[in-house]
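Engineer: Combine the two chains into a complex, taking the hints into account.
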Amino acid sequence: MKIISLKNDYVTTLLFAVVVLLAPIWLSPFGANYPDLLQKFAIFGIFAIGYNLLFGATGYLSFGHAAFLGIGSYTAVWCFKLFTMNILPAIILSTLVAGVFALFIGFICLRRSGIYFSILTLAFAQMAYSLAYSVLTPITNGETGLQLTMQDPRYIDAMAGVVVPEGLPSTNLFGISVNGYSGFYICAVVLILAFFISLKIFRSPYGLKLAAIKSNQVRMQYTGFNPRPYLISVFVISGMFAGLAGGLLAAIDPLAGAERMQWTASGEIVLMTILGGAGTLIGPLLGVLVIKYFENIFSAINESVLHEAFSFLPETLENVVVFVTHLFVGEGWHLSLGVIFVLVVTFLPGGIMELLGLIKQRYKKFRSESTSTSSSKTESKGEK
Amino acid sequence: MEDILIQILNGLDKGGAYALIALGLTLTFGTLGVVNFAHGALFMLGAFCAVSTHKLLTLSVKVRDESITYFEAYKEQPYLEIWWGDTGTAIIDYAVPISILVTIPIMLIIGVVMERGLIQRFYKREHADQILVTFGLAIVIQELIRTFYGANPIPTAAPDIVSGSAAIGAFFGLSENLVYPWWRLIYLAFAGVIITAVFSFLKFTTYGMVVRAGMSDRDTVGLLGIDIGRRFTTVFGLAAIVTGLAGAMYVPILPPDYHMGMDFLVLSFVVVVVGGMGSLGGAVAAGFLLGLLQSFASMNEVKAIIPGIDQIIIYLVAIIILLVRPRGLMGREGVMDD
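Those sequence lines, one after another, are chains A and B.
Following the working numbering, the numbering of the first sequence begins with 1 at its first residue and continues without gaps.
Following the working numbering, the numbering of the second sequence begins with 385 at its first residue and continues without gaps.
Chain B with its partners taken away, still in its complex shape (with noise of 0.2 Å):
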């Protein structure tokens, strides 16, 4: 039972990421009809923007070690620390949440400047095109991130009140066993709230609408009169953000590194396929289904029966899925029917 229930939260975290990287993908597939293979260096650079903010804030000085007194010591010590005492130390420990506020605007200056200057030239260009010059797009970036911040992974700690677990399993009543990271909770917490804002943000604004409509029948939003291309950079730039915060706030759980797009790249993608080209929820929901499914089959028991099903899962599904229903899960029909 409690192996089950760790399951089905390793599944809904897991699939908190899926969902947020698809939605961002599918976002700019459904609405520009782009096949974006740049979309996990999005992810990538979001996360790299949390690094980049914690190593800003840990800007540090030379000083006298004062607790060391029979020789000379010194000590790295942050200029935060220096200038503003506990409450720069406070500030460095929440470097990860504070990155949020600077993943926003830099993701969105990188996703129009990508869409303006290289994307839309591809709008008329068959998806072979899209894919090839999205992938040379991607290493180009890849290798950006290795230049500057080299090869090996780069961990960056939670806040110090949440590097604990939550004793989920003694708050409900169930065994005392049943511990959970805080951190992992609190993205899962994360991924519903920014999942609803853009649903909302599409679902319940004028300015959602007119993109919606422009997803359905660019042509005809077109005609009346609306400059819909804006619109879809704006959504370009949108799908960026949720991309890289999706990225920023998982550093703490994988420390990146310069390939990390590129693997969850695959990923994403299978995803969106799975969820159906396009449909913004059949991305959230594949997520969780994705996720929630490679967790149970990672599972000692499953395992056993099953030898290296947890490496493909995922894949088989997509497979599975591609073969019987093409449109994938909640596709609309019409919507890249090949």
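Isolated chain A (complex conformation) (with noise of 0.2 Å):
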């Protein structure tokens, strides 16, 4: 019986693993079953388990870790153009380098906390941005975005003798194109090993410590252990985590922009961490899901759509219906994401999983009340 039971990691991430490998179809009842947005899905969840880590675990809110997936883009792409275009080294080499970023910037601001150390790896990430824009253009090929070429040398591929076809080389694993499908069981693969990792520290004695971070550091203290050290490392795990996601978006699609460095779309990181539940290991997973499901969703309504679907009310009513829903759908889907986000954080701290649990709650009442039974049953499930 123990073997089974969800507390066995194995278990979990072998159960995690079903569910992410059969997306595909139990996603196509939502017609989200298309390859760009499971590759969206998959990437994005794996930068959302990589926030959470730090975030979730300790607490420390980063409004920085957009540039760590920045710099894992540029290192990927820098890859592909000079060595190759399998994507096995660029998505290694660039999860080092935003490992490196990330001991440099987080040896520095996690020398304050609360939201000191917000404001400084604010100001690291728009430094990161601005630079990328304007003196560093001969690497990051500035507004433009850094594009493979024609005239690039791909040495290791040049060696191997590799035959290119006409046009741009795209990207492969060993011969397996990225593109559709394949390119999202890989990014899935990755994915369920990102997960495993972060089931394996939030359920090891290290994650403990950063349950302690986050408690209360001062009594942390007392007890004999050092905090800084477990701050550093968790954040340059998340870092690299940001930078594996970088590099697999580049895998997908060759392109890296500044853009994906700003400090909003590390906002947006932090969005969907608290939208499913920060500090739990799920939550970042759903909210990536259901904010990368209805971004692709919402964004495709417009206001001829919304004339169809709202046609059975009498004609100035619908117009007034229409016009205030387009509001939020369409161009503006963010307006509805932003109300979401601050109606989550004011009632709902816990996103989507203190929803979950409160259902759980409430359903379990209901059916101890209605069969009137015995309380001996309302056993403690353990998280999850």
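The hints are simulated quantities; they were obtained by calculation from the structure and are not laboratory data.
All values reported here derive from a predicted model rather than from experimental measurement.
One or more of the hints may lead you astray.
Partner residues aside, some chain A positions facing chain B, computed with beta carbon under 8 Å [said to hold, decoys possible]:
#1 Gly59
#2 Leu61
#3 Arg111
#4 Ile115
#5 Tyr116
#6 Ser118
#7 Leu122
#8 Gln126
Covered by chain A, according to a simulated footprint, are these stretches of chain B (three or more residues, beta-carbon under 8 Å) [said to hold, decoys possible]:
#9 512 to 518
#10 684 to 695
#11 698 to 706
Cβ atoms here follow ideal geometry from the backbone N, Cα and C, with glycine treated the same way.
Structural biologist: Structure, rendered in structure tokens:
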């Protein structure tokens, strides 16, 4: 019995893997079964898992994580340009480079906590963004963004004698194309690995130290632990996750631009994590799923669709309703996102996971009341 | 020499804007203890108050263009010109200064509604939650502006009479080449007036005294039987007005667009942090200091030595200050020492 419980890391990961790999099937009823979107789910899932390791576990609110995503993307594209179109070296390299930057930035930023930490990360991210746009143009190609060109040397590919077809070569993993479903499955495998690592971290003594940092740093110091190494290492890990996500993003579409590093992009990952439920394992992924899904669905709705949907109403009323709803869909879907986010932070700080917990509680209470059995069965079920 | 003088003026001018925004931000922070990420949005709302005033004043109707006689031509003519002739034209010309009158009540209402409606729920919550909810609010405001005003910057001109440049070089007996746009000088003076007004309000009125007392010890003021919450609401409104005015008057210098608020937000936080959280004098001093630093860093001579310094100088200063002196330049001990 013990072996197949959710407490077992391998069982949890296996379950997670099945759910992720079957995503094309269970997402098709929602109309979300196309490779582009699935890849986005997986990649931002990795990003969110990494962000959750920092913010969810330690409570340090970083507003500069998109910088690592951008650094990862740039590294990956440079790897494609200089070495090979195989994505494996590119994503490894982007993870490592992001890790180095995270070590440097984390070393400085983590000297402060609370809102000062947030502002420091913000300052670093803005610096990276402004530099990418201005002085670092030889490396980042400024506003145009870094792209593949026909003149790229690609030394390793040239040495290996890879035949370059007409036009720009496309990225691959040992010959497997990264477009379409194979691309999704590559991202999904990485996502499962990332999930497993985050699970291991959360359920290890190391994860407990992180939780201690969140609840009371002073008390932690009294018990003889120095929080600083834990903080720096988790910052680096989380930066590496972001770099990995950035590398994958560049792998499915070899293009890197500075706008990926802007602080509002960091804000987006914060939104996803909070909306899903920071500090929980699955929450951030749910947040990614919901936000990316609605981004796709809401953006596609335009005025004529709305008029059709509300055509059963009298005409004046229909126009009013369409006018109001039109604010929230299509171009304005960010507005709905903002409103939802404000409501979530105000009334449901735990995000979707808290909502699920509440529903479960209600349901339990409802059942125990209706059957009026003794309350002996209400044993603690552990977290999720 | 001229270059340096021009850079000083540039710096003071930028600094004026930074100081005003940071003043509003640190007012809300010092009084309410709330980290307001929607502050940049208030600045933007102020700017769009000016834009809307201009739009309202130039509401037009299609009329026959009399100056063209050989075919039927039509032109848009503002109602004001039709009703009042030259007076109307003059009013339209002065749209930006007039918008001050509109901005004050609108920003007061926005500020009070924001505080009563949302922010008061977050006094007892963590700073991280405050950041998050105000960040969400900023997104909402930004998107609303984009829906109603579009994504492009909307230029609005300063009054004709001050659209040129002032020959300050000649005035002070220096080189003739030293000229500076009138409107920027006006903005600098305006910033000075507003800053003085806010400071004297807090320093010389009983109301301000109570607010200052509340800033340093909220509980004791409450024990004295003063409804400090009410006063803080007013202070939030005041901060909104100051920020909104800073935005409204900035319109001729920088045509506002919907993400202007987010752009200025990071900057204003940096200014507040450098000045010291909750210190009004610090915010003003840091605003001018960073403005000066930034304009000197953008001189070609400086850029030749350290390329790209103009882009990052502000953040660099903020990082150094935070690490070396976390209280900021003039921060009081015990306020947000984490």
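Engineer: Okay, the segment 684 to 695 of chain B and chain A, do three or more residues pass the C-beta test at under 8 Å?
Structural biologist: It holds, with 3 qualifying residues against the three required.
Engineer: Measuring from the C-beta of tyrosine 116 (chain A) to each C-beta in chain B, is the shortest one below 8 Å?
Structural biologist: holds, 6 Å
Engineer: When the nearest CB of chain B is found for leucine 122 (chain A), is that gap smaller than 8 Å?
Structural biologist: This interface hint holds because 6 Å falls under the 8 Å limit.
Engineer: Would you say the segment 698 to 706 of chain B counts as covered by chain A, given the rule of at least 3 residues with C-beta under 8 Å?
Structural biologist: holds (count 5)
Engineer: Does the closest beta carbon of chain B sit nearer than 8 Å to the beta carbon of arginine 111 (chain A)?
Structural biologist: Check passed: Cβ of arginine 111 (chain A) comes within 6 Å of chain B, closer than 8 Å.
Engineer: Can the hint on glutamine 126 (chain A) be confirmed by a CB-to-CB distance to chain B that is less than 8 Å?
Structural biologist: holds, 5 Å
Engineer: Taking the closest Cβ pair, is glycine 59 (chain A) under 8 Å from chain B?
Structural biologist: holds, 7 Å
Engineer: Hint validation: leucine 61 (chain A) versus chain B, beta carbon distance must be below 8 Å. Holds or violated?
Structural biologist: Given a least distance of 5 Å, the restraint on leucine 61 (chain A) holds.
Engineer: Classify the hint on isoleucine 115 (chain A) as holds or violated, based on whether any CB of chain B lies nearer than 8 Å to its CB.
Structural biologist: Holds, about 5 Å.
Engineer: With a Cβ-Cβ cutoff of 8 Å, does the segment 512 to 518 of chain B contain at least three residues near chain A?
Structural biologist: holds (count 5)
Engineer: Can you verify the interface hint for serine 118 (chain A): is its Cβ closer than 8 Å to any Cβ in chain B?
Structural biologist: Check passed: Cβ of serine 118 (chain A) comes within 6 Å of chain B, closer than 8 Å.
Every hint, counting from the list given before, is met by this structure.
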